[in-house]
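Enquirer: These protein sequence lines are chains A and B, in that order. Residue numbers 1 to 324, in the working numbering, belong to the letters of the first sequence in order. Residue numbers 325 to 824, in the working numbering, belong to the letters of the second sequence in order.
Treat the hints as calculated values from the structure; they're not laboratory data. Just to be clear, a hint being listed does not mean it is correct.
[Claimed, not checked] So these bits of chain A aren't anywhere near chain B, every CB distance computed over 12 Å:
1) 25
2) 32
3) 117
4) 125
5) 138
6) 143
7) 198
8) 205
9) 206
10) 208
11) 211
12) 241
13) 245
14) 292
[Stated by the list, open to error] Straight line, CA to CA, 20 Å or less: simulated SDA-like cross-link-like pairs of lysine to any residue:
15) B:689 x A:187
16) B:458 x B:440
17) B:467 x B:325
18) B:428 x B:499
19) B:481 x B:428
20) B:753 x B:428
21) B:458 x B:399
22) B:508 x B:350
23) B:499 x B:451
24) B:689 x A:193
25) B:689 x A:188
26) B:689 x A:185
27) B:689 x A:192
28) B:689 x A:146
29) B:508 x B:347
30) B:396 x B:325
31) B:458 x B:477
32) B:481 x B:689
33) B:689 x A:184
34) B:689 x A:189
35) B:428 x B:444
36) B:753 x B:776
37) B:689 x A:177
38) B:689 x A:304
Note that the structure is a prediction, hence the values are computed from the model and not measured. Backbone N, C-alpha and C fix where the C-beta goes; we use that ideal spot for every residue, glycine too.
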Amino acid sequence: MSPDTLRRRFLETGGIVILLLVAVAAAAAIVEPRFLNRLNILNVLRNFSFLAVPAIGQMIVMTTGGFDLSVGATVALASVVTAAAMAAMPDAHGLQLLVPVALALASGACVGLVNGTLVARLSLSPFMVTLASLSIVAGLTLYYTQGIPIYGVSDAFVYAIGRGQVLGLPPALLLAIVVIAIAIILQRRTALGRHFYAVGGNVGAARLSGVRTHRVLITAYVLSGLLAALTGVLITARIGSGQSTIGGTLGLETIAAAVIGGVSLRGGSGRAENVAMAALCLAIIANAMNLTQIDSKFQTLVLGSVLIGALAFDRIVQGRRANV
Amino acid sequence: MLELTGITKRFGGVVALDGVDFTLLSGELHALLGENGAGKSTLINLIAGTYGWTEGSCRIDGQTVSALTPQKSRDAGVAAVFQEFSLVPDLTVEENLFLGREIKGRLFLNRRAMRARAEERFRDIGFHVELDSKIETLTRAQKQMVEIAKGMLSDAKILILDEPTASLTDGEAEKLFAAIAGLKARGVGIIYVSHRMAEIRRLADRVTVLRGGRKIDTVAIAAASDATLIEMMVGQPVERLYPSISQRPAEIVLATRGISVSGTVSDASIVVRAGEIVGLAGLVGCGRSELCRAVFGLERVTSGEIELHGAVVRAPAPHSMLRAGLCYYPADRGAEGLALSRPGRENVTMAALDDPRLSRGGLLKSWRERRAIAAPLKTLGLRPMAPERAASSFSGGNQQKLVLARGLMRPVSVHIFDEPTVGIDVGAKSEVYRLMKSLVENGAAILLSSSELPELVHLANRVHVMREGRIVAELKADGITEASVLRHYFDAQTGATEAA
Chain A
1 MSPDTLRRRF LETGGIVILL LVAVAAAAAI VEPRFLNRLN ILNVLRNFSF
51 LAVPAIGQMI VMTTGGFDLS VGATVALASV VTAAAMAAMP DAHGLQLLVP
101 VALALASGAC VGLVNGTLVA RLSLSPFMVT LASLSIVAGL TLYYTQGIPI
151 YGVSDAFVYA IGRGQVLGLP PALLLAIVVI AIAIILQRRT ALGRHFYAVG
201 GNVGAARLSG VRTHRVLITA YVLSGLLAAL TGVLITARIG SGQSTIGGTL
251 GLETIAAAVI GGVSLRGGSG RAENVAMAAL CLAIIANAMN LTQIDSKFQT
301 LVLGSVLIGA LAFDRIVQGR RANV
Chain B
325 MLELTGITKR FGGVVALDGV DFTLLSGELH ALLGENGAGK STLINLIAGT
375 YGWTEGSCRI DGQTVSALTP QKSRDAGVAA VFQEFSLVPD LTVEENLFLG
425 REIKGRLFLN RRAMRARAEE RFRDIGFHVE LDSKIETLTR AQKQMVEIAK
475 GMLSDAKILI LDEPTASLTD GEAEKLFAAI AGLKARGVGI IYVSHRMAEI
525 RRLADRVTVL RGGRKIDTVA IAAASDATLI EMMVGQPVER LYPSISQRPA
575 EIVLATRGIS VSGTVSDASI VVRAGEIVGL AGLVGCGRSE LCRAVFGLER
625 VTSGEIELHG AVVRAPAPHS MLRAGLCYYP ADRGAEGLAL SRPGRENVTM
675 AALDDPRLSR GGLLKSWRER RAIAAPLKTL GLRPMAPERA ASSFSGGNQQ
725 KLVLARGLMR PVSVHIFDEP TVGIDVGAKS EVYRLMKSLV ENGAAILLSS
775 SELPELVHLA NRVHVMREGR IVAELKADGI TEASVLRHYF DAQTGATEAA
């Protein structure tokens with residue numbers, strides 16, 4: 001294999017993310033031995049799940065050539081919907097608990113449906129559409145809760161999903177793994193996955209090939225909304241209340257995970273496994289900073305720096321391509 | 325004025341140019357001919373300073389130049405106009421001309437001086453464009469002229485034109501040719517890349533033919549026939565570019581009944597039979613392309629009916645038309661043909677993923693996909709035969725093959741080709757024609773919209789001529805000649821532009 005092919009392979013298979021992941025994990029373990037503590041590892045993996053799930057949704061939208069800035073607001077919306085619905089049906093247990101969860105997921109899907117419809121049918125800029133829906137959804141949840149947490153989340157729900165363990169692992173992690181696995185299959189083995197790439201690669205060519213581009217775009221945003229809502233449900237189970245403030249920086253963080261994971265900002269490329277690894281990197285970095293008691297205000301600063309570093313490194317390794 | 329000796333350029337292990345000699349005299353138009361991948365664009369990019377050469381030497385005006393950068397090249401008097409324009413759509417003509425080299429007073433821009441200079445340049449090339457119009461409102465020809473004026477702003481002595489007429493109408497091209505004549509008269513040396521033989525014959529003084537990165541020869545245009553030049557390009561005598569096709573028109577498969585598309589097509593009725601090629605002729609902008617697109621469901625039909633296999637199509641849309649066996653191949657490969665960042669394979673199967681051979685219940689059968697594309701790509705002769713490469717890494721002709729392969733991936737009985745050979749080389753052209761031959765002889769119907777008259781004359785069984793959105797004539801068999809088609813291009817009433 002020539003050096004050129006090797007370099008391409010390396011980039012395509014997400015070699016950079018693997019390197020970054022190893023480096024970050026090693027650094028965290030060296031700087032802070034407590035990092036390797038079993039409970040801490042579980043904690044990292046749980047936080048990883050809360051980032052990886054919405055990041056997969058973000059990746060899908062980005063491969064179609066868009067953005068979903070409303071991810072964070074949708075997480076909060078789902079959290080509030082879950083808690084409010086559970087508080088409204090206090091005696092619910094077992095399967096009945098699925099009703100609040102279903103409502104929460106439906107609310108996320110609705111946000112995605114509106115985003116997707118506006119982007120697809122009216123050809124509005126994804127950036128502006130999701131920025132506006134971020135503002136609307138955040139406004140709604142904040143108005144409804146007045147910023148006060150909603151209690152009354154079912155204990156059974158909290159103990160089973162939020163604090164419980166399945167096979168010694170947090171249920172959120174198992175769910176995240178399922179989501180990632182489905183995303184990998186979606187991208188490699190399904191027509192829909194191929195259509196996401198095609199629409200992001202060249203929407204005109206996709207339409208000419210009989211791809212129903214509107215439907216594909218709307219599906220992408222609905223999936224993103226759905227995964228954001230799922231994240232909201234998981235976080236609610238973890239913290240035991242519905243909160244309008246939890247999504248905060250998730251919009252940026254999911255985009256960061258996607259970009260570090262090699263998703264092109266212009267659409268048409270990106271792989272779920274690399275995005276998941278990038279999310280794990282970010283979760284490790286955040287955890288290491290918490291352990292070493294770095295001021296949380298510095299954390300967004302570090303996030304931004306890692307993002308720029310990853311982009312710069314990627315560009316340098318790729319080299320400036322000659323236009324032949 | 326420009327002298328390149330033994331220029332070699334390697335990209336990694338690939339030799340793009342191999343010991344090429346090239347000279348340009350003042351006031352001459354020197355055409356570069358060659359198939360895609362022959363090294364033409366590498367050569368002009370070297371001269372424009374886009375990248376350096378690996379071996380060889382270069383002299384400009386007798387001065388040896390060791391290495392060129394875009395800046396050095398510009399300082400040495402080279403101006404290059406590439407196919408992709410370097411104009412900012414939102415700025416005006418004047419702002420674009422002086423972008424990055426504005427004439428300034430101490431504090432503010434000296435607009436009067438810039439305006440005078442710009443007007444002088446446009447006078448020099450004998451073309452007028454309103455200096456205050458925004459670039460996005462201009463036609464392609466006008467943009468081309470602005471690009472040339474921009475190049476000439478700093479009194480360039482060497483002008484590089486890369487396929488300048490690729491998307492111009494005949495009238496626009498005439499204006500460009502007049503401007504070129506003016507520049508030559510002022511002693512500007514012009515390097516001209518084009519695939520259009522007629523144009524080269526008309527404009528060029530000398531021709532250099534490249535093939536596979538080597539220079540085959542430089543000849544005076546008067547001393548070489550078209551056949552000789554094509555033979556030099558292709559490397560073997562072309563028996564015939566156009567295959568002889570036996571047309572056996574059978575039942576009507578596609579019919580439009582008085583269809584209109586707002587602003588572009590009015591009341592157009594055509595029929596296409598199985599086993600024949602029907603040509604659509606007309607100037608660029610006459611509604612040919614819109615008619616084809618309307619049939620495929622890409623333009624909204626305001627009135628009239630489309631009939632496919634005897635059934636009226638209620639709401640034509642690409643996915644349902646494909647399913648019904650009709651495929652449209654777009655004229656603009658960049659905008660509508662290919663997802664360039666994706667592998668060739670995915671581009672080929674993009675239109676066939678719903679085929680049960682390739683997927684079941686939305687799940688793809690990857691190994692079948694790889695096998696299914698092998699035959700169509702072999703038929704088309706994709707080069708290199710590397711479908712896993714990104715579509716962007718193929719040459720124009722081979723990108724076109726990727727687009728055309730789509731129609732071979734599923735049962736298609738009506739093929740609509742919209743300018744299938746624009747910007748592709750002779751070799752790829754003949755492969756496209758051979759594909760059409762085999763499709764038609766196997767009973768498919770072809771609607772061919774083209775601005776290349778020889779193509780229509782040699783391939784079509786019947787030709788519809790369009791003018792200003794209407795079908796104005798139908799020519800059959802022996803009645804199809806370049807002259808007879810051209811006669812219908814222009815309005816007989818005004819008679820202003822009767823072509824010879």
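Enquirer: Does each hint hold? Answer for all of them.
Expert: So, going through the hints one by one against the coordinates:
{"no.": "1", "hint": "25", "result": "holds (31 Å)"}
{"no.": "2", "hint": "32", "result": "holds (40 Å)"}
{"no.": "3", "hint": "117", "result": "holds (18 Å)"}
{"no.": "4", "hint": "125", "result": "holds (16 Å)"}
{"no.": "5", "hint": "138", "result": "holds (33 Å)"}
{"no.": "6", "hint": "143", "result": "holds (39 Å)"}
{"no.": "7", "hint": "198", "result": "violated (5 Å)"}
{"no.": "8", "hint": "205", "result": "violated (5 Å)"}
{"no.": "9", "hint": "206", "result": "violated (7 Å)"}
{"no.": "10", "hint": "208", "result": "violated (5 Å)"}
{"no.": "11", "hint": "211", "result": "violated (7 Å)"}
{"no.": "12", "hint": "241", "result": "holds (39 Å)"}
{"no.": "13", "hint": "245", "result": "holds (38 Å)"}
{"no.": "14", "hint": "292", "result": "holds (40 Å)"}
{"no.": "15", "hint": "B:689 x A:187", "result": "holds (13 Å)"}
{"no.": "16", "hint": "B:458 x B:440", "result": "holds (18 Å)"}
{"no.": "17", "hint": "B:467 x B:325", "result": "violated (28 Å)"}
{"no.": "18", "hint": "B:428 x B:499", "result": "violated (32 Å)"}
{"no.": "19", "hint": "B:481 x B:428", "result": "violated (25 Å)"}
{"no.": "20", "hint": "B:753 x B:428", "result": "violated (50 Å)"}
{"no.": "21", "hint": "B:458 x B:399", "result": "violated (28 Å)"}
{"no.": "22", "hint": "B:508 x B:350", "result": "holds (8 Å)"}
{"no.": "23", "hint": "B:499 x B:451", "result": "holds (7 Å)"}
{"no.": "24", "hint": "B:689 x A:193", "result": "holds (13 Å)"}
{"no.": "25", "hint": "B:689 x A:188", "result": "holds (10 Å)"}
{"no.": "26", "hint": "B:689 x A:185", "result": "holds (12 Å)"}
{"no.": "27", "hint": "B:689 x A:192", "result": "holds (13 Å)"}
{"no.": "28", "hint": "B:689 x A:146", "result": "violated (52 Å)"}
{"no.": "29", "hint": "B:508 x B:347", "result": "holds (16 Å)"}
{"no.": "30", "hint": "B:396 x B:325", "result": "holds (16 Å)"}
{"no.": "31", "hint": "B:458 x B:477", "result": "holds (19 Å)"}
{"no.": "32", "hint": "B:481 x B:689", "result": "violated (58 Å)"}
{"no.": "33", "hint": "B:689 x A:184", "result": "holds (15 Å)"}
{"no.": "34", "hint": "B:689 x A:189", "result": "holds (7 Å)"}
{"no.": "35", "hint": "B:428 x B:444", "result": "holds (18 Å)"}
{"no.": "36", "hint": "B:753 x B:776", "result": "holds (12 Å)"}
{"no.": "37", "hint": "B:689 x A:177", "result": "violated (24 Å)"}
{"no.": "38", "hint": "B:689 x A:304", "result": "violated (41 Å)"}
This entry does not satisfy hints 7, 8, 9, 10, 11, 17, 18, 19, 20, 21, 28, 32, 37 and 38, going by the numbered hints stated previously.
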